[in-house]
Every structure is written in structure tokens, then in C-alpha cells.
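Engineer: Just need the whole structure built from these sequences, with the hints factored in.
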Amino acid sequence: MNNLQTKLKHRLLDLGITQKELADKMGVHKQVIANWLNGSRNPKRENIKKLCEILDLPMSFFYEEIDTSTVQPLNDITTMKLPILTTVVCGKPDYCTIDEQVIDDFAEVPKKLFPDSDFIVRCIGESMLPEIPPQAYCIIKKIDVPLNNKNMLVKTENGYTIKRIKVLDGKIELHFLNPSGKKITPKEIKIIGKVVGTYNIF
Numbered sequence: 027m028n029n030l031q032t033k034l035k036h037r038l039l040d041l042g043i044t045q046k047e048l049a050d051k052m053g054v055h056k057q058v059i060a061n062w063l064n065g066s067r068n069p070k071r072e073n074i075k076k077l078c079e080i081l082d083l084p085m086s087f088f089y090e091e092i093d094t095s096t097v098q099p100l101n102d103i104t105t106m107k108l109p110i111l112t113t114v115v116c117g118k119p120d121y122c123t124i125d126e127q128v129i130d131d132f133a134e135v136p137k138k139l140f141p142d143s144d145f146i147v148r149c150i151g152e153s154m155l156p157e158i159p160p161q162a163y164c165i166i167k168k169i170d171v172p173l174n175n176k177n178m179l180v181k182t183e184n185g186y187t188i189k190r191i192k193v194l195d196g197k198i199e200l201h202f203l204n205p206s207g208k209k210i211t212p213k214e215i216k217i218i219g220k221v222v223g224t225y226n227i228f
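Residue numbering for the sequence shown follows our numbering, starting at 27 and increasing by one per position.
Hints were generated in silico from the structure; no laboratory data involved.
One or more of the hints may lead you astray.
Claimed, not checked - Quick list of in silico lysine-lysine cross-link-like pairs, DSBU-like style, CA-CA up to 35 Å:
(1) 33 / 76
(2) 118 / 197
(3) 107 / 70
(4) 209 / 138
Structural biologist: Have a look at this one:
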């Protein structure tokens, strides 16, 4: 459990505020709060600021020291806002919710680097090292056809994952980039999108 999780849980208990009540005050889905509390996602700085306002706390409650001297203003011409939808396991497929109506957060990314991108997922696991490090934020372009030798977000009979796609004799194989992993040949597969890159959002 990270420090933010611990502090947030204790503050909610102190004030007697439920996850649903906090979600309503924040204007987010209840699952977003649950994700913050279980550590699968961390709130962005603007959401931490809102948390502090709602819970009557100084920003220093979550951050020991915040240096804003190097923060650059965002430019609407050069950046675009994409929704962060969920956390995806880069190892064996796992069940999660990918629903564009259930948005965890938003992030600003450079248009030039990620043109025509649709959403972001946070990745956990080391199976796609060195290209996709643990905790990376992957920028996804929606596409429903397999692209050979590309990293893609897919859904199998066992859930969602990100893997290198190999199309051989009409069959789709899912490959780990980490040599310790073994290929997966799913019985069922749905292509969700292509990983167009990773970005250090926070």
C-alpha cells in the first residue's frame, strides 16, 4: 500500500465519508475512487487538489513538497486530452473494464507524438520490457484488425492484455518481449487497438 492510499483511507474513516459519497463530490465514477484506494491507479495532481478541498486538507498532506516552478502551461494547439480508461496487465490476460463511459482520468499528450490516438491505459507487469516498462501509460489507437509484429491491446477468453502480435498461417499468437515469457495462442481474440507509444504522464 502506498503512502497516498494509506492517508486517503484514514482521512475517509476519520470523516465518515464513504467511497460513493466521495465519488459524488468529486464528480467521478465510484470505481475511480476504488482504484485510488486499492492502488491500481493514482489520482492526477488536479484531482489531488480537489480531494484536498473536499476533505479540508492542505496539499502537503499528500505531498511533502511540491515544486511548481518548472511547470509549463499546456497549449491547446500542441496537446490533446485523452481519457485514461483502466489498468491492463502485460503478463497473462486478466479481467478489467475497458469502457469509454467509465473514465478514470484525463491526460494531456503531445498531438505531434500521438496523432489520431483515442485513449490511454496504464500497464503493469514486466512481460513487455524493454519497450513497455512497468507502470507505463500506453497510448492506444482504436483498430480492430491484427497488425503483424506490432504491440496491441487485445481481449482474449481470459481477459485483456498487451502483447506483440504475430500472425502465422491465419492464426494469431501473442508474444512477450521479455524472454522469460512464453507465447500465448488464444482460442478467442478481439483486437482493441494498437499501442502507438508510451508517455510519462505524471
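Engineer: With a cut-off of 35 Å on the C-alpha distance, tell me whether residue 118 and residue 197 pass.
Structural biologist: Satisfied, since the Cα-Cα distance of roughly 19 Å is no more than 35 Å.
Engineer: Holds or violated: are the alpha carbons of residue 33 and residue 76 at most 35 Å from each other?
Structural biologist: 15 Å, holds
Engineer: Given the hint that residue 209 pairs with residue 138, does the C-alpha gap stay at or below 35 Å?
Structural biologist: The given pair, whose Cα atoms are some 33 Å apart, holds under the 35 Å limit.
Engineer: When you check the alpha-carbon spacing of residue 107 and residue 70, does it fall within 35 Å?
Structural biologist: 13 Å, holds
When each numbered hint is compared with the structure, no violation occurs for any of them.
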